[in-house]
Each structure stands twice: as structure tokens, then as C-alpha cells.
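Trainee: Protein sequence lines correspond, in order, to chains A and B. Heads up, the first sequence is in full-length UniProt numbering, so the first residue is 1 and it goes up one at a time. Heads up, the second sequence is in full-length UniProt numbering, so the first residue is 1 and it goes up one at a time.
By construction, these hints were calculated from the structure, which means they are not laboratory data. Certain hints may be false.
[As the list claims (entries may be wrong)] Distance windows between CB atoms, simulated:
hint	chain 1	residue 1	chain 2	residue 2	range
1	A	Tyr-340	B	Gly-344	38 to 48 Å
2	B	Ser-11	A	Tyr-340	20 to 30 Å
3	A	Asp-527	B	Glu-34	50 to 60 Å
4	B	Ala-325	A	Ser-489	33 to 43 Å
5	B	Ala-325	A	Asn-416	36 to 46 Å
[Unchecked claim] Once the Cα atoms are required to be at most 20 Å apart in a straight line, the calculated EDC-like pairs of lysine to aspartate or glutamate come out as:
hint	chain 1	residue 1	chain 2	residue 2
6	A	Lys-436	A	Glu-401
7	A	Lys-339	B	Glu-186
8	A	Lys-57	B	Glu-186
9	A	Lys-507	A	Asp-527
10	A	Lys-334	B	Glu-186
11	B	Lys-240	A	Glu-225
12	B	Lys-350	B	Glu-306
13	A	Lys-339	B	Glu-99
Where is the CB? At the ideal position from N, CA and C, for every residue including glycine.
What follows is each chain in one-letter form.
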Amino acid sequence: MRRGPCCWLETTMTDSKYFTTTKKGEIFELKAELNSDKKEKKKEAVKKVIASMTVGKDVSALFPDVVNCMQTDNLELKKLVYLYLMNYAKSQPDMAIMAVNTFVKDCEDPNPLIRALAVRTMGCIRVDKITEYLCEPLRKCLKDEDPYVRKTAAVCVAKLHDINAQLVEDQGFLDTLKDLISDSNPMVVANAVAALSEIAESHPSSNLLDLNPQSINKLLTALNECTEWGQIFILDCLANYMPKDDREAQSICERVTPRLSHANSAVVLSAVKVLMKFMEMLSKDLDYYGTLLKKLAPPLVTLLSAEPELQYVALRNINLIVQKRPEILKHEMKVFFVKYNDPIYVKLEKLDIMIRLASQANIAQVLAELKEYATEVDVDFVRKAVRAIGRCAIKVEQSAERCVSTLLDLIQTKVNYVVQEAIVVIKDIFRKYPNKYESVIATLCENLDSLDEPEARAAMIWIVGEYAERIDNADELLESFLEGFHDESTQVQLQLLTAIVKLFLKKPTETQELVQQVLSLATQDSDNPDLRDRGYIYWRLLSTDPVAAKEVVLAEKPLISEETDLIEPTLLDELICYIGTLASVYHKPPSAFVEGSRGVTHKSLLPRTGSNESVESPDTAPSGGPAADQPSVIPTQGDLLGDLLNLDLGPPVSGPPMATAPVQMGAVDLLGGGLDILMGGTGGSFTPAPNTAAPTNVGAPLGTGLGDLFDLTGGVGTLSGSYVAPKTVWLPAMKAKGLEISGTFSRQVGSISMDLVLTNKALQVMSDFAIQFNRNSFGLAPAAPLQVHAPLAPNQSVEISLPLNTVGSVMKMDPLNNLQVAVKNNIDVFYFSTLYPLHILFVEDGKMERQMFLATWKDIPNENETQFQIKDCSLNADAVSSKLQGSNIFTVAKRNVEGQDMLYQSLKLTNGIWVLAELRIQPSNPNLTLSLKCRAPEVSQYIYQAYETILKN
Amino acid sequence: MIHSLFLINCSGDIFLEKHWKSVVSQSVCDYFFEAQEKAIDVENVPPVISTPHHYLISIYRDKIFFVSVIQTEVPPLFVIEFLHRVADTFQDYFGECSETAIKDNVVIVYELLEEMLDNGFPLATESNILKELIKPPTILRSVVNSITGSSNVGDTLPTGQLSNIPWRRAGVKYTNNEAYFDVIEEIDAIIDKSGSTVFAEIQGVIDSCIKLSGMPDLSLSFMNPRLLDDVSFHPCIRFKRWESERVLSFIPPDGNFRLISYRVSSQNLVAIPVYVKHMISFKENTSSGRFDVTIGPKQNMGKTVEGVVMTVHMPKAVLNMNLTATQGSYTFDPVTKVLTWDVGKITPQKLPNLKGIVNLQSGAPKPEENPSLNIQFKIQQLAISGLKVNRLDMYGEKYKPFKGSSFVSDGEQEPKSLSSQNFT
């Protein structure tokens, strides 16, 4: 891949003469020229050196000679030497020291341009020895009278931090940098913000950009006057600020809105981010809210007339925005119509957004366009277009019929990949509208032979199995697939197995042979554990209880929801905070892909008035709030299993993703994933942390369901929950306009929940409940939205168990177990704080090995040990041990020393902190002595409280 | 921020690299080459590529890929905008942004890149400032420099960099003070086979060439400013004045720049100035088809439609075309299957027509793809949106400038699926 710059004719008066090929002794010649007495010759030589460097030639051997040219009055020569130095100083650190004096001298030069240039270049030389000398000049330059020098110095702090973070902190440069945010010159402010943001990224804990209303005001003033790039930095910084109320949010929005008309699209998108984020805080009834919504649409549309690369990034972001606030662009469907000369990556994105915006009002137009696209040349695009037609059918019920007939038209074209794609989507349409379009099955069956892609084959087999009673020759069709059973992909094999079992249950008399054949193929001749497992399940089901089998396999399937690929609401909220960044392009939170995920803090749209409305209010969430659909998706165990056995094509299923993820893959790893979940493993869980509420959501019903089937109950049932305190009133009705909240925390089989009772003591009906937690010490956060299904009538109360997880943002609270909660309803937002018992955070795998325990005990320094007295506890050692075990405090060893029982215990917190305990029980003394050892001694006190609570109840 | 930049030509040679932080090995570009290979067409290379340790954000301009390497979370639009700015600067300095031009001026390029970005933060991107720091090459200057030994690097502090109007340098002097505004509008329309407009919008820009001495403060007003649906302004424009009075008030940069770009969407749209009559059909079972297209002007306020060029992407099965044009000339590229008809000016008396026989590959099935026609044209002295400049005032300086404005409408229409066929 090396590209030698070829021979250039020397006739031109241009730089290409520097590209003459490397001759033998070229370096030698250059050396001579660099040491020439003639200034001009020197400069030409340096130019030649730079040109060679540009194309990657190694000219580091000339280091001393080039550095010698540094002391010059000629600015160009100086700059060229600086360029060279930046490139090679790293490889010649000792030599680079030679340059230091000149740098220090230049930092004192009367010309600010030279001062700035010197401090700028010094920062780029990544050599430790040089950085030591840099500190003094940098300190001066940060306070220079000339803003140009100050702004250059601000960036230099970021450079230095990259090379030696400790040095920057020790020298107090960060504070100086913070002071620069209040500088009189807007460019200095912008650069200081940029530098601080970059430093903050590698320094998540530090509160570098601690914004307050005063500094926000300074930033907003600077915003109007600094360069476009500075505006981007400032806007991105503003986006991290949490306004204290909606008034402040509105005033910031007002001052940011003019940026929407900037020619630089990055400025526009950063402004959109700030507005989208702060809009959360504004009440929807506000006039300003509507104005803002209207103002957002035109700039977004304008982004689409920019260069294709910009369009692509803009489209990825618009995709998020239309999911969060579909009303912004609902009238702009046409701008997303694909142009024939769009690059393919733009076309695919536009298609995605078209479907999101499709509604009854514009469906005719959309369908007409999609049909056109389906006849284009690019295969990927055509496939996606066909898929889009199917999605329209599912999304807009009124259009389903037209979509189906369009799809049939497309099938008639006999273009292989179009047909296959169409069959895949028709399967989904059947799932959405059962007993409506089955008349087309005959047409589909005609194309059976042309299907060569697994997904299409599987879809077709599913259709045949599902509608076996209406297809006369269903058995023949399925039999034909069976011939090459072992050559099929797993997806097709699994589907074929299920389809034949369905067929058998529907037409038992004719197909007995077939079903035996497939069961033996799946169980005896297959190496695939998933396939074997499923085969055995069916086999056993069919042999023990055919009626139950029928109920399970042929159970009525839940309808699939319209919005299939919506981003999960909490992720969406997080991504909205990252509009315009790489995260928004990849639709993943930065923690998921940023290298080493250092410095990544979770951002969320929290806690604010009207939060959670994306989930709650039907007009913003296009699917009418997936949360509400949950019960219909997983109504009973039987259906759940039926689900597992039928729906393994990964078809769209609504409901919170935590529930759906295991369902979708459930059948495939019915044993693997499902049981992993039971055993508290990570299995098929969707959420990143294993100890979240996710597994139980599905795990519990799955457990009993499977337990029945396989008699696998051992060990599962014994995991009773830990101690639950009685509910106490957290929020008295007087303080919350009639809403009384009482509650407690509990931990059951690995999942934490907050059990609440909401009582309406007001005279009006309450609805639209939502809940948010402030950041807290252990990252507790609701794992699902607060679901109050019906409005709460006066004097009515409702009990809710809110699953929690510990993947939320972390901030140390005082006291440690303090939790600040915001609850919203249609009336207002209320705040309260409560203390949670620490034992809800004790995880199930908190038992340490004996050896490990001993080693760890010794390893933790003695000053971390704290002693407590638990008074008036008259239990014996065994009772204590079993009582504590119920709350996940495990006894590692027990000893009897001089008549007293010593219990050695371990427990682990959700954030991975281990706590070791020694409990001394004297038979005669009702007081127990508890010694706790932990690497984080600040938790000890709360652990002690937990001990006391558990033992005394 | 931006870590490194690689310039890559179409044949995959990295011909320039620049690192603003530590050096990133060229091998990182292999990921880019991989994506390029996968995309087949150069235009289709995705702009954001992730690699195990870096992200590559690229733009494709003038047959050159500008590939930047970033390591931390950086707004991609920021990078893309910046890369375009780099390309614009090369264009501005060397007259063209080509591999040859860059290689010919490699030292200037390097100096420019150094000035434009510091530690990955944009430093000076305004052409006015850059030109004060680094003088653009001219033949004369390079001759003079080589004789006198002077350099093309300015040794004064760029004044604009510090002022609140960074886009303008101080002390500008002209003997003839002139200000020109070019209003260029482009219609972008999709028309279906029955001739009705599916989608149309106008993208307009006002490009200015201002050569005025001192610190002039201009205000430009329109007769009908409410026409504009959305505007993007050069930073020099005072947004508040526009919000309250719909007047463009600004201290202009010196020289050529884009004052505003705007969009007028279909609600306000006047009729599309040309129409097309078409007949494209392929006969069943014979390897030929007929092609007959006529272009005519619609109402256009008495202005002539010029520079008409029609391009058609013919179906793949088309071997060649035997056509006769009553006006202009046509070419058909049998490799890309693109038919280009350079029509020229349309006179209403004699409408240009192109018709003849299409030869298909023998044995190939009848093409199903509907060719899309793309028509480009120009109308001088007319802004198709109806935008009219009211007046231009100058404050702050005493001289009387020469003012001028011109209008050009460019059309780009994409009538779709012109052949009317039935699927059988």
C-alpha cells in the first residue's frame, strides 16, 4: 500500500520538486544544505525535509541539523522547524531538549503570534522532559494580556493533560482553566470549555464542568460571539447542564434557538440536542413548547440538503428524534423520499424514517414510493423496501390490505430476493392480522421451490405449519423440506420441527410417521443441543399428555405490535442526550462502544417535570406505550411456553424489551438461557448487569413452567426472599396534594423491588403516574416504568411492585442509603427521600470460599475493621445463621471458641463490594458482637443496621 | 478531537497524512479500504467506520477521500464539516482541490493544516484569516520569493482572529468599491409518470462578492422575505434583526462567500418551468423498444430556459440506442447505460425532441425497471421561487459602492417511471 511519490518534473515552480525520488545519499545532501550559511538554501532544505516527512519518509536522522535552524527571525522557517519538531521529538527525546531554550525564549517574545506559536508547539511535543519546562511558560501564557495567547494556552492545558494528567492537576492548571470560562473574550471561553470537556472525558469523577446559573449565563453570552467551532463546544457543554426549573430551561432554549439558523450543520445539531433535552422540562401546555416544536422542523429538513455524509449523520439523529417526538416531523414525510442519486447509506436511512413517519394520512403516498423502490437495482435497498411495505401493513391497519396486494404484485415479479423478502414480511402480517389474509397462502406455496435463504424458508415453513389445516398438501410440502433436513440451517430445522408437530396435532391420523421421523432426526441424528432439547420437549409432551401438548403448541399467539424496532425508552432518552455524537450514529450508549468506556457516565433525561412522558403519554409514544401491552403479551405461563415454542423466528413482539428479549431467544435456548436465568446466571438477559430485575421478570414464570415439565424444581423454590420491612409512609398526603405514598423495599430471587401503595386522598382522579430516582450511591433505578393501569379514583389505593435495577447513575449520597425519588402524576411532581435497607443489595452469590475468606480477611488492613454490638438478640448460632442466609448473608465457617460461637460470614453488594463479618455469640449474653471488615469501610455502618434489622425481625 | 488526517486518492494511495496528536499508523486505513471495497461504488463508502481502536470519518470530495481518525467521542458532524472546510480551503488556495494541486503545494498544505487545527481543535478556518497567515501561491509570488528570499508566511498577528468579527480583516482598501449578490436557486422535484409532482422544493443560496473598503455595515432586504421556509446564515448575519424585521444585516467578510442558503418547500412553489412528454416502451419477445421524448417550456415569465441537459438511466438490458435529436446532441454510454442529451436552449416555437429505437440484449426478458429521467436547466434573471431583492443599504462608510444582483435558477427534476407498462 505504499505510495511512493513518483518523479516530478522540476520545471514547475511548485513544491512538487520536493518529491523527487529518494536518491542514495539524499539525507547527506540535505544535511549539507541545512548547515549552509545561506538563509534561503536553509529554508529550501527544511521545506524538502518537511515534504519528505509528509509522505511518511523517515528523515529523523536530520534532527540536530533541523533544530539548529530554529533560532531564526524568519517566521516561516521557525514554523517549519516547529512542524518537524512535533513529528520527531518523540523519537529523539534527548535531542528535543536542545529546543527547550528557544521555546522558553519564544514564550517571552513581544509578538503574541510567536508566544502563542511557541506554547502551542511545546504542548505538541509529547516528551516528558519537555513538559517539565513547559509549566512555567504555560502558566504565564494562561494569564497573558493577549486573548489569542490565552486561548492557545487553554488548549495547551488539554494537550498537557493528555501527556501527564497528574502534572496538570498538581500545577493547578485546571483551576486556571475553570477561571477562563469567565474570560472577557468569547473565543477564550470557547476554548476553555473545549479543553475542559476533553479533560473531563478522561476524568469522569471530577466535577470539572460544574455549571451554575452564573457560568451558564457567561456561556450563553459567549455563544453569540465565538466562532462556529466554539459554539459547538459550548452547546455540547450546555447540554450537560440541568436547569433548576422550567423557567430557566425555557430561557436557555430561547437563547439557543437562533443557532438553528447557523450555516454549520454541526452547530445546528448541537443546538437541536440542547433543545430536545431541555424541552423535557417544559410543560406541554406552554405556548412556548408548541413554538419550539415548530422551530425544530425546518432546520432538520435543511440538513437533508447538505452533502451526503452530513445527511447520513443527520438522518441517524432524526431517526432518534422522530421516535422521541414524532410530532416534530410528521408533516415532512416527502423530504425523506429517496432520490435516485443518493448514496446507498442515505437511502437506507431515509427508508427507515419513512416507515416511522407513516400514518393513515400519508400511507398511500408512502406505499406508492415503496413500490417504486422495490423495483430498483440495489439489492439491499430493494430488500429493505419490501420489508418496509410489510412494516407499513403492521403499523397502519387501514393500509394492510393494500400492502398485501402490493406484496403479491411483487411476488409475481418472480425476482428471487424480492419474493423471499415478501414471504418473510407476510408471515409477520399473518401474526398481526390472523384469519384475514390467509387466502394468499396458495400464491405463496407456488414459490416454495425458489426459496433458498434460511429466513424465507423458515418463514414459509412457519406459515405452512400454522395453517396446516387449510393447506391440503401441507404434509407433502413439509415432507419435501425434511429430505435435506441436515443441510438446513438451525433456524429452518427448528421451525420445521415445530411446524411438523403442529401439523401432527392438527391432523394426527395422517402424519404420525412424519412426526416420528422429524423427532428422531432432531433428537438422535442432530448435534445441535438447541434442536435436540426442543425435540425432547415435544417428544415428552406428546408422549405424556397430548392434550397439554395441544394447549401448549397450538396456544393462541399474542398479536405482534406495530412498532417493532423502536429503541427502548430509557435507551432512547439516553441517546437523546447524545444527539450529534457517535453514540447517536450507532444508536448505542457510549458505554457500549467507547474504548475502555473510561470516563463514560450514563446520561439520562432526569429528574424533571414531566419526565417519562415518552412512555406514558400516548401522543408521544407512537405505539401507545408498549408498557401497557405487557400483560397481553405474556398472559399466562401456558401462553408463554406456547410463545417460546412458536415464535422463534424473532418476530416482532411488543412489550418492554426486558421481557421480550428472553422470549425471542427463549425457544432456541429454552434450556440454556432459561435455566441460566433461574440459576441467577447471565443467560439470555438483555440488560447489561446480571443482578438486575430483568431475569426475574421472566425467570419466575419460566421457572415454574419448566419445573413442571422437567421436574427441575430442586433449588429453585428454596430461594425465598430476604427480610421485608413493613411499609411506612414516605410521602404524606398533605405534602403531595392528596397523594399518599407508602412503601418498602424487598429482594426476591435476585431482584430488587420497591413495593408501593399509592393512595388517592384528594377529591379528583389521579392518573399519568411516573417515577424517577435521583442518582444514588448504588445506582438504583427503576427497571420498568411505573404502571398504574387505571386512573386512581378518590379514596382508592393501589399496590404496585416496581422492579429496580442497579445500573443507574451513581453518586455518593449522605447517608449512603439515601434515595431521592420524584413521583409525577397529572397534578404535579412530588419529591421525597427515603432510606433503603442495605440488605436488598446483598447478592445471591455472596458466599466466599473459606480459603478466599481467610486470605481476604488478612488482606484488608485492620483500620478498616469496625465493631458493633447487636443488643437483645437471644437467637442461637444456627438460628442466626439461617436467618441471615435468607437475606444473602452467608456463613462461611463456624467455630466454637471457649464456649462462644464464632460465625464467619461474607456478603457481596450489587456493585461488587465484599464485606466480611465475624459474629460472636455468647450463650449467656443476649448481646452479639459484630466485627466487619471491608475495603470500603464507609458501608460498614449500614451493613450493621441491616444485620440488626434482619436479626430482630 | 480530530487525531489524524489521511488523504487518499481513488486508486487507494495515501498521498498525504497529518497527525495532530500522536502518530497513528497508516495501517488504520486498511479498515477504510475494506469498506471501500465492499461499497463497490466510491460514493457509497459509509462516512463513519468503526475500527477496534479508532473511528474513521470520511468525506469524498473531488475524487479524494479525506479520512480523519478520531479516538474519543466527537460529534461526527463537527468532523465532517471541518473536512469540507479543509477541502474548501484547498479549493480556495489552489483553484482546485485535486491530488496534483495538493502535491504541488504540499508545504502550504501542511502549514494550512497546522493552522486550521491545534490538538484537534479547530483554530483558524476562516479564509480571510488563513490568507493573512499563509499567503496563497501565485506564480508571480513564487518567482519573486525565489529571487528575494521572502516567504509566503505572514509575520503579523492575524487581526481578525481576535476581533468580534473574525471573518473580516481590518484595513481593507479598494479603489472600486463593489458588492455583488448572486441568487442561485435549484428546484429539486420528483414527478411521477402521470406528470403530477410528488415532491418539489427549492434550494436557494445567495453568494456574494463584496469588495468594499473599511468596515462597511450592510443591510439587504427582500420584497417577500416570508417566502423562505428555512434559512442558514453565514455567522456575520445578525439573527435578531432577521427575527424582528426580516432584514439581513451584516458586516461582510472580504471577498467571495455564501451569505445565506435557504429552502422554499412545495407549499409556496410556483409551477415547474419545463414539462416532458415521453413514450418509452419495450416490445414483448423482440429485442427492441421505442423511445420518444419531447421537452417543452411551461410558464416562465418570458425568460428562456437554457442549458437543458437530460440524463436517463436506461435499464441494464439495453445494448444501444439509435436516436435522432431535432436539437442538440446525445450520447449513450453502453457501460453505465446512461443516456445524456445536451439540448441547449428551448425555443417554444420548435420543441426539442429525441426519438428512435432502443436495442436490447437478445433473449433478455423485457425490462421491468422504469427509467428515471433527470433534467437540468438554467433560467437567467429569474428566481424561480419569486424571491426579489428590495434594496441594499450601507452604513459605516462614506463612499458609494456599486451594487449588483443577479438571479439564476437551476433545475433538477427527477420524473420517475416514465414508461407506462403493465406487469404481466
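Trainee: Hint by hint, say whether it matches the structure.
Mentor: Against the structure, the hints come out as follows:
For the pair Tyr-340(A) and Gly-344(B), the supplied restraint of 38 to 48 Å is violated, since their beta-carbon distance comes to about 24 Å. The beta-carbon spacing between Ser-11(B) and Tyr-340(A), approximately 27 Å, falls within the hinted interval of 20 to 30 Å. A hinted range of 50 to 60 Å is violated for the C-beta pair Asp-527(A) and Glu-34(B), which are about 34 Å apart. Between Ala-325(B) and Ser-489(A) the CB atoms are about 54 Å apart, so this pair departs from the stated range of 33 to 43 Å.
The supplied range of 36 to 46 Å is met by Ala-325(B) and Asn-416(A), whose beta-carbon atoms lie about 39 Å from each other. Distance hint between Lys-436(A) and Glu-401(A) is fulfilled; the C-alpha atoms sit about 9 Å from each other, no more than 20 Å. With a C-alpha separation of about 15 Å, the suggested pairing of Lys-339(A) with Glu-186(B) holds against the 20 Å cut-off. Pair hint Lys-57(A) plus Glu-186(B) does not hold up; C-alpha atoms about 46 Å apart against a cutoff of 20 Å.
For the suggested pair Lys-507(A) and Asp-527(A), the alpha carbons sit about 29 Å apart, so the restraint of at most 20 Å is broken. About 17 Å separates the Cα atoms of Lys-334(A) and Glu-186(B), which keeps this hinted pair within 20 Å; it holds. For the suggested pair Lys-240(B) and Glu-225(A), the alpha carbons sit about 13 Å apart, so the restraint of at most 20 Å is met. Between Lys-350(B) and Glu-306(B) the alpha-carbon distance is near 14 Å, which keeps this suggested pair within the 20 Å criterion.
Note on Lys-339(A) and Glu-99(B): the hinted pairing is violated, with a Cα-Cα distance of about 30 Å set against a maximum of 20 Å.
Against the hints set out earlier in the document, violations occur for numbers 1, 3, 4, 8, 9, 13.
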